[in-house]
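Respectively, the protein sequence lines represent chains A and B.
Counting with our numbering, you get residues 3 to 116 for the letters of the first sequence.
Counting with our numbering, you get residues -15 to 93 for the letters of the second sequence.
Careful: at least some of the hints might be erroneous.
Looking from chain B toward chain A, a few residues come up when the C-beta cut is under 7 Å (computed) [stated by the list, open to error]:
{"hint": "1", "residue": "Gly25"}
{"hint": "2", "residue": "Gly26"}
{"hint": "3", "residue": "Ser29"}
{"hint": "4", "residue": "Met32"}
{"hint": "5", "residue": "Ala74"}
{"hint": "6", "residue": "Leu81"}
{"hint": "7", "residue": "Phe83"}
Hints were generated in silico from the structure; no laboratory data involved.
None of these values were measured; they are calculated from a predicted model.
Just so it is clear, CB atoms sit at the ideal spot from N, CA and C, and this is done for glycine as well.
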Amino acid sequence: ETGVTQTPRHLVMGMTNKKSLKCEQHLGHNAMYWYKQSAKKPLELMFVYSLEERVENNSVPSRFSPECPNSSHLFLHLHTLQPEDSALYLCASSPTRTANYGYTFGSGTRLTVV
Amino acid sequence: KNEVEQSPQNLTAQEGEFITINCSYSVGISALHWLQQHPGGGIVSLFMLSSGKKKHGRLIATINIQEKHSSLHITASHPRDSAVYICAAAFYNTDKLIFGTGTRLQVFP
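Using the sequences plus the hints, can you model the full thing?
Structure (structure tokens):
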């Protein structure tokens, strides 16, 4: 257990469904991230939150909607996804927004869109 | 452009072999991270280094700032070392980590 908890671990959803991914950390970190990992590709940054404020949206389609209600929780709301959105979605946190201190990752949610 | 390249993409080894994974980056960095990802998906941080060498158990990470190159070595490899190893760079001109594509290592008994 790294200190960053993601639920669910696996999710299968239809293209018309709405679902949410949850991430929780109690490490006292101020920055939280959503990454997408597709096969044979580097991790792709989706969203960055710093002190509960969204500071980056990396050209992510609007069918992905993040929410950060407080510094410990981060959600990714999903609706009308496409099969190509099937991937491993990883949440990470870091003490500050800078990359120098490294990130703590969750175990990921394996998403399959059918 | 901030780029991170790893080699090889795939690596197989017999138990006990010495393993080397390489990482090159394009411009100046403040830190270089080595990460391990097991089949379940979770990513664990192994090392963060900005100069020289670090050692933890059978793992050794080195970095050459002038050459813009880092290596991860595994001595006396074991099947439980089988995982994807990822390097990530914290470039001076951005506050984001830039990730390599990873090296998939399989160690056979």
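Problem - Indices of hints not satisfied (ascending) - result: Going through the list in order, the structure violates no hint and respects every one.
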